[in-house]
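Dock chains B and C against chain A, hints included.
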Amino acid sequence: MADSVVSFNNPVFASYAAYAGLASMKMMGMTLVTVYHRLTKGVFMNPEDTSFGAKDKGVVRTDHPAIERVRRLHRNDLENIPPFLVVAFLYVLTKPSSDVAVWHFRAFLACRLLHTACYLGGLQPWRAIFFYSGFATTVSMAVQVVAKGSL
Amino acid sequence: MADSVVSFNNPVFASYAAYAGLASMKMMGMTLVTVYHRLTKGVFMNPEDTSFGAKDKGVVRTDHPAIERVRRLHRNDLENIPPFLVVAFLYVLTKPSSDVAVWHFRAFLACRLLHTACYLGGLQPWRAIFFYSGFATTVSMAVQVVAKGSL
Amino acid sequence: MADSVVSFNNPVFASYAAYAGLASMKMMGMTLVTVYHRLTKGVFMNPEDTSFGAKDKGVVRTDHPAIERVRRLHRNDLENIPPFLVVAFLYVLTKPSSDVAVWHFRAFLACRLLHTACYLGGLQPWRAIFFYSGFATTVSMAVQVVAKGSL
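Residue numbers (the numbering used here), protein chains in the order written: chain A, 76 to 226; chain B, 76 to 226; chain C, 76 to 226.
Wrong hints could be hidden among the right ones.
Each pair may be met inside one copy or between any two copies, as identical chains are not told apart.
In the SDA-like style, the derived pairs of lysine to any residue whose C-alpha atoms are separated by at most 25 Å in a straight line are [as the list claims (entries may be wrong)]: (1) Lys-116 x Ser-173; (2) Lys-101 x Arg-147; (3) Lys-101 x Ala-222; (4) Lys-116 x Tyr-207; (5) Lys-132 x Ser-215; (6) Lys-170 x Ala-185; (7) Lys-116 x Gly-197; (8) Lys-116 x Ala-203; (9) Lys-116 x Ser-126; (10) Lys-130 x Arg-144.
What the hints contain is simulated information worked out from the structure, not anything from laboratory work.
Chain A with its partners taken away, still in its complex shape:
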């Protein structure tokens, strides 16, 4: 049946779903890292948040290096993970070879996790290498989706 493609009975879809769920939680987890830094360092962006432990009540700061680093990393996730979530779903619909598809999903998630570690640790050029590898994975799928679609 043609449409059982979008079903957990389709191994490629089941794999996509698992990696999409993990990538979503990874991205959302960045918020918790930011909150951890804010609470332990007492640095906040809203006056009303300073009651949670800021040294100076009412003083907001947007210049703490560790916090701004997590925020840049989080924004990089926002730029890359939502497109992956949608593009990879459409790619499943192109009925790719199962092995090729699953390795696309694994490569993307692995690259994003390694990119995260390198960003937090300030490791270049590794951060750039993992960024572009994840980027290329999504573009590879997007090109196949556009090729199969009609303008």
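Just chains B and C now, with coordinates in the frame of chain A:
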């Protein structure tokens, strides 16, 4: 038929679609709130925008408290609503109990609307409570999606 | 068969997929524009990136006009393209007239490309006109999705 899951004939999908559409419009609506503040206060981020009513032509500012507050809130939406849109769709595919699913969607949208009100009004700890409740709703669905998927 | 809606055999879905893939790549392409400016101008946001050609090693800057312009444009994409990707998919499920649907997708992508050109060139009120036209296209589809769904 297995695949009628992804159809407005499936009540769980029809509910997901309605809440996904509303959450998308809520997020996009933040742009209109920002534009309202920019036009009424004459504060812009691009030199060419200052012809729309800035007091000082060509002067850009990124420090207006009310505008930066809406932008922080909007960014929080960007961090949370797109993952919800995709994760909740995959969750529908896990064929959850109809009542449980619909209440997940309602809880998420209600939390995000209350989070918005609390952010604009500067109300803590309510903002944090509604943020984490919406966050937990998405994580609950994501865990179920990953559990049903295959790595 | 009801569910062949979500299939490249459905012309409306095939059209959606092509425009969704292009819109995703357009958004991700903004990263490359930012990187181009950073490398040619030697302006970076992370200390470890300054080894790629900054004039002053270790000095980070977040105030370069051309780079911040691309970043504002990229953020505008983040605010508008992910909702389009999901809303347009749900709209395909409402089984719209094929011509009307395809022109929604074409209008959205055209508006975003023209918005990008106007943002990079600093052209107002054209940038605002193309922004609101793309915005209206997504809202039009979202309203139809919510109307067909159930709360």
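Checked hints:
Taking identical chains as interchangeable, the C-alpha atoms of Lys-116 and Ser-173 are never at most 25 Å apart, the minima being 47 Å within one chain and 43 Å between chains. Taking the shortest alpha-carbon separations for Lys-101 and Arg-147, both the intra-copy value of 15 Å and the inter-copy value of 20 Å come in at or below 25 Å. Taking the closest pair of Cα atoms, Lys-101 and Ala-222 come within 25 Å of each other only across two copies (16 Å); inside a single copy the shortest separation is 30 Å, beyond that limit. Only between protomers do Lys-116 and Tyr-207 lie at most 25 Å apart by alpha-carbon distance; the minimum there is 20 Å, versus 32 Å within a single protomer.
Taking the shortest alpha-carbon separations for Lys-132 and Ser-215, neither the intra-copy value of 49 Å nor the inter-copy value of 35 Å comes in at or below 25 Å. In this assembly of identical chains, Lys-170 and Ala-185 lie within 25 Å of each other by CA distance solely inside one copy; the values are 23 Å within and 29 Å between copies. For the identical chains of this complex, Lys-116 and Gly-197 are neighbours both inside a copy (20 Å) and across copies (21 Å), given an alpha-carbon limit of 25 Å. Taking CA atoms no more than 25 Å apart as the test, Lys-116 paired with Ala-203 passes between copies only; the shortest distance there is 18 Å, against 28 Å inside one copy.
Proximity of Lys-116 to Ser-126 under the C-alpha cut-off of 25 Å is restricted to the intra-copy arrangement: shortest distance 13 Å within a copy versus 29 Å between copies. Proximity of Lys-130 to Arg-144 under the C-alpha cut-off of 25 Å is found in both arrangements, the shortest distances being 21 Å within a copy and 21 Å between copies.
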